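Student: Working from the sequences, and respecting the hints, build out all of it.
For the protein sequence lines, the chains are A and B, in the order given. Under the working numbering, the residue at position 136 of the first sequence is numbered 136, and the numbers go up by one with no gaps. Under the working numbering, the residue at position 28 of the second sequence is numbered 28, and the numbers go up by one with no gaps.
Keep in mind that the hints were calculated from the coordinates and are not lab data. Here the structure is a predicted model, which is why all the values come from computation and not from measurement. Keep in mind that the hints are not guaranteed to be accurate.
What the hints assert, rightly or not - Okay, derived cross-link-like pairs now, BS3-like style, lysine-lysine, Cα gap no bigger than 30 Å in a straight line:
1) 57/B / 324/A
2) 311/A / 76/B
3) 82/B / 311/A
4) 196/A / 62/B
5) 409/A / 493/A
6) 227/A / 324/A
7) 280/A / 82/B
8) 82/B / 2/B
9) 79/A / 76/B
10) 82/B / 341/A
11) 136/A / 24/B
12) 372/A / 82/B
13) 44/A / 76/B
14) 24/B / 311/A
15) 152/A / 57/A
16) 2/B / 280/A
17) 7/A / 44/A
18) 324/A / 261/A
19) 82/B / 383/A
20) 65/A / 2/B
21) 24/B / 175/A
22) 261/A / 196/A
23) 62/B / 366/A
24) 24/B / 83/A
25) 280/A / 196/A
26) 82/B / 152/A
27) 24/B / 79/A
28) 320/A / 82/B
29) 320/A / 76/B
30) 196/A / 57/B
31) 24/B / 324/A
32) 2/B / 320/A
33) 284/A / 57/B
34) 227/A / 7/A
Claimed, not checked - Label pairs and their calculated CB-CB ranges:
35) 57/B / 61/A: 32 to 42 Å
36) 69/B / 151/A: 28 to 38 Å
37) 32/B / 26/A: 52 to 62 Å
38) 461/A / 58/B: 41 to 51 Å
39) 75/B / 346/A: 52 to 62 Å
40) 58/B / 215/A: 29 to 39 Å
Every residue, glycine too, gets a C-beta built ideally from N, C-alpha and C.
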Amino acid sequence: MQQFTGKSLTKKNVIGPCFIYTMDEIRIQDKKLPLDELKQELLKFQSTLEIAETQYKRITEDFVKGEAPEICEIFDALKIILKDPQFISKVSSEIQDNQHTAEFAIEIVLEDYATRIESTSDSYLQQRASDIRDIKSFLLELLSGKFTSQIKPNSPSIIIAKELFVTDLARIGRKRILGIVLENGAFTSHLAIVVKSMGIPLLIECNEILSQVKNGTQSIINGEEGKLIINPTQEIIDHIKKKIAINSEMEENLKQISADKAITTDGRRIIVAGNAANLKEVEKTIENGGEGIGLFRTELLYTELSSLPTKESLIEIFQKVSQKCLPNDVIIRTLDLGSDKSIPSLFMEEEANPALGVRGIRLTDKNPYLIKTMIQALILANKNGNLKMMIPMISLIEEIQAINQLVMKTKEELNYKDELSIGIMIETPSAAILSDKFIRCVDFFSIGTNDLTQYVMAADRINPNVSIFLSHFQPSILRLIREVVINAHKEKKWVGICGEMASNFASIPILIGLGIDELSLNTEDIPKVKFVVRQSNYEELRVWVENLLELENSSEIQKQAQKKLEELIEPSKLCFF
Amino acid sequence: MKSIEVTLINSVGLHARPAAFFIKTAQEFASEITIECNNRSADGKSLLDILTLGAVKGTTIKIIANGIDEDESINKLMTIVKDGLGEEG
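Tutor: Here it is as structure tokens:
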């Protein structure tokens, strides 16, 4: 048995035979061509480009079938290089003016581009050099006549190589790749992006592996430890096999759950939605089984532009999000900016304490056209009736009354007859304490636990010296949440959580017990949170939480909450939470 | 000849996908398109050329168009850069 250490892209494990993937090195000779052969050589170059395009299409078409659009785009971008006007004209002039062979001309032109791109200061861009070398070796192989469209192991294998390009993946074929181990490699490469999206384990920076492994040798990629194990003992094989079985069972389980509703064992349904700031995140949320968007942040629509977005551009994005989430709801939060996160198109005074300054509703109150445009856009975009509006940083009853009036007026102006559901964020202590009053002005609450904790505990979120005050398990915060939920339920209205607390698995039993109706969280955790909900019994947790809130300190509450989570989940699956 | 300066606001700058979007648009026009930034210049219709500029987010680039549809092309290219080069949201 032998072990090699590298860096693993995922925690996935895999067992299988090794397959060494090497390419015959193509020697390119720099011989000056006689003048009368240049025309012939140019034709050769042109016909190679044509063949390359057909071959490339043939190889990659099957491979990318059914894959995500961003994966298809990676392969499309490589195809663009084959038609690049500068590439074609530079190679042609190397042949014509310098009498180089087509092979040599391609080599120097593409290598020059790759080197120049590598020398840019951007690490992401540097990785694009490998795309160019990918196409280069593809073309050179075609020209050398050694091209075989598929180099493949006979059975599914762990592919071992010095470096691998995305084109190589397509040539090997998805079904024959169990995992990949590279001597070089980088996580920012297109290869890593493709491999991750396809769920293939990848180990990079495994030094000098090629000289020590033989084709067909049984081996294991241990993703958790970032290791390649050659000729493992039976004991290790059994151990890894067991892990793989649990993993695939859990993955299957979570996939199933993500499509199901989150209902407790005694029948209480909890909406599990996602937080998003752009269309891509909305799509990911839906893919992961999110029941709509519980918090759509609008700040990015403003901060990434040098001027304010127009009403039309807001309508367009709101409509797209609304359409994608049907039949579920989308909660659009109005602009939540402050002097710490200002935008160039809006003048903001510098403040000593931005967290306690003009932010959220306070900013839009000072710049009424901002909120007016957003309300207009929301109303005009709400053709499906699934958009809701949420106002951040409310602390005065007058603030929400003014908003309600503005919405009513705008509805009249636009001759809009339907309801527009309005809610507020509960993030200031004032809003939480006065929640019995606030709930009569709105349709729902969403608790922003991060800010609420910061303000209740008087502890700055960005000051590491006070981070101990910011625990999700502070009894004062939990009691306040209980009050908010009770006040909302009295008026038959619902309460959601959109802060980080909804992504903390140990918090979920507490939130269920407190009677929270909706959880909105980072999209990748949605299936797991649904899993926890489905293991829980609401009545039991309700009683449990009442006792929990009698505890005095956060560390004790956290300990109890963790214990409860461990009771709810089978021990073998606990490692996922 | 027409030229205009514009700042890249999309999240990754002139990288593979946004750059591909740019050249695709540039290739729709007959005019010669050049991009200048970081003291380098690139053929606006060549993906390879554009990648060598190393134009990251926040870089101000100069787009130069020369030809029969220079006005139209420069307006269109300026708009797509300002709109974030096909990146949504």
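Student: Each hint: holds or not?
Tutor: We went through each hint and held it up to the structure:
Only pairs whose Cα atoms come within 30 Å are accepted, and residue 57/B paired with residue 324/A is accepted, the gap being roughly 28 Å. Of the supplied pair hints, the one linking residue 311/A and residue 76/B holds, its CA atoms being roughly 21 Å apart against a limit of 30 Å. Between the alpha carbons of residue 82/B and residue 311/A the distance comes to roughly 16 Å, so the proposed pair stays at or under 30 Å and holds. Annotation: proposed proximity of residue 196/A to residue 62/B is violated, straight-line Cα distance about 37 Å (limit 30 Å).
For a cut-off of 30 Å, the pair hint linking residue 409/A to residue 493/A stands: about 24 Å separates their Cα positions. Simply put, residue 227/A and residue 324/A have alpha-carbon atoms about 41 Å apart, too far for the 30 Å limit, and the pair is violated. Taking the CA atoms of residue 280/A and residue 82/B, the gap is near 19 Å; set against the 30 Å cutoff, the hint holds. Taken as a hint, the residue 82/B and residue 2/B pair is honoured in the structure, with Cα atoms around 18 Å apart against an allowance of 30 Å.
Of the pairs offered as hints, the one joining residue 79/A and residue 76/B holds, with about 24 Å between alpha carbons and a cut-off of 30 Å not exceeded. Under the criterion of a C-alpha separation no larger than 30 Å, the hint pairing residue 82/B with residue 341/A is consistent with the structure, at around 21 Å. For a cut-off of 30 Å, the pair hint linking residue 136/A to residue 24/B stands: about 22 Å separates their Cα positions. Only pairs whose Cα atoms come within 30 Å are accepted, and residue 372/A paired with residue 82/B is accepted, the gap being roughly 24 Å.
A threshold of 30 Å between alpha carbons decides the hint, and for residue 44/A with residue 76/B the separation of about 37 Å lies outside it, so the pair is violated. For the given pair, residue 24/B sits about 28 Å from residue 311/A by alpha-carbon distance, which is consistent with the 30 Å threshold. Annotation: proposed proximity of residue 152/A to residue 57/A holds, straight-line Cα distance about 18 Å (limit 30 Å). A hinted pair counts as satisfied when its Cα atoms are at most 30 Å apart, and residue 2/B with residue 280/A does not qualify at roughly 36 Å.
The hinted pair formed by residue 7/A and residue 44/A fails the criterion: a straight-line CA distance of about 43 Å is larger than 30 Å. The suggested pairing of residue 324/A with residue 261/A holds, with an alpha-carbon distance near 18 Å, which does not exceed 30 Å. Of the pairs offered as hints, the one joining residue 82/B and residue 383/A holds, with about 28 Å between alpha carbons and a cut-off of 30 Å not exceeded. With a C-alpha separation of about 43 Å, the suggested pair residue 65/A and residue 2/B falls outside the 30 Å cut-off, and the hint is violated.
For the given pair, residue 24/B sits about 34 Å from residue 175/A by alpha-carbon distance, which is inconsistent with the 30 Å threshold. Straight-line distance between C-alpha atoms of residue 261/A and residue 196/A comes to about 27 Å, which keeps the hinted pair within the 30 Å bound. For the hint pairing residue 62/B with residue 366/A, the CA-to-CA distance comes to about 37 Å; that exceeds 30 Å, so the pair is violated. This hinted pair checks out: residue 24/B and residue 83/A have alpha carbons roughly 11 Å apart, not beyond 30 Å.
The hinted pair formed by residue 280/A and residue 196/A meets the criterion: a straight-line CA distance of about 17 Å does not exceed 30 Å. The straight-line distance between the Cα atoms of residue 82/B and residue 152/A is roughly 46 Å, outside the 30 Å bound, and the hint therefore fails. Our distance criterion of 30 Å between C-alpha atoms is met by residue 24/B and residue 79/A, whose separation comes to about 13 Å. For the hint pairing residue 320/A with residue 82/B, the CA-to-CA distance comes to about 20 Å; that is within 30 Å, so the pair holds.
Distance check on the hinted pair: residue 320/A and residue 76/B sit about 23 Å apart at the alpha-carbon level, within 30 Å; holds. Note on residue 196/A and residue 57/B: the hinted pairing holds, with a Cα-Cα distance of about 25 Å set against a maximum of 30 Å. This hinted pair checks out: residue 24/B and residue 324/A have alpha carbons roughly 27 Å apart, not beyond 30 Å. With a C-alpha separation of about 36 Å, the suggested pairing of residue 2/B with residue 320/A is violated against the 30 Å cut-off.
About 24 Å separates the Cα atoms of residue 284/A and residue 57/B, which keeps this hinted pair within 30 Å; it holds. For the suggested pair residue 227/A and residue 7/A, the alpha carbons sit about 8 Å apart, so the restraint of at most 30 Å is met. The hinted range of 32 to 42 Å is satisfied by residue 57/B and residue 61/A, whose Cβ atoms lie roughly 33 Å apart. Taking the beta carbon of each, residue 69/B and residue 151/A are about 47 Å apart, not inside 28 to 38 Å as hinted.
A hinted range of 52 to 62 Å is violated for the C-beta pair residue 32/B and residue 26/A, which are about 35 Å apart. The hinted window of 41 to 51 Å between residue 461/A and residue 58/B is violated, with their beta carbons roughly 26 Å apart. Between residue 75/B and residue 346/A the C-beta distance comes to about 27 Å, which lies outside the given range of 52 to 62 Å. Here the CB-CB span from residue 58/B to residue 215/A is close to 49 Å, at odds with the stated 29 to 39 Å.
In this structure, the hints that do not hold are numbers 4, 6, 13, 16, 17, 20, 21, 23, 26, 32, 36, 37, 38, 39, 40, in rising order.
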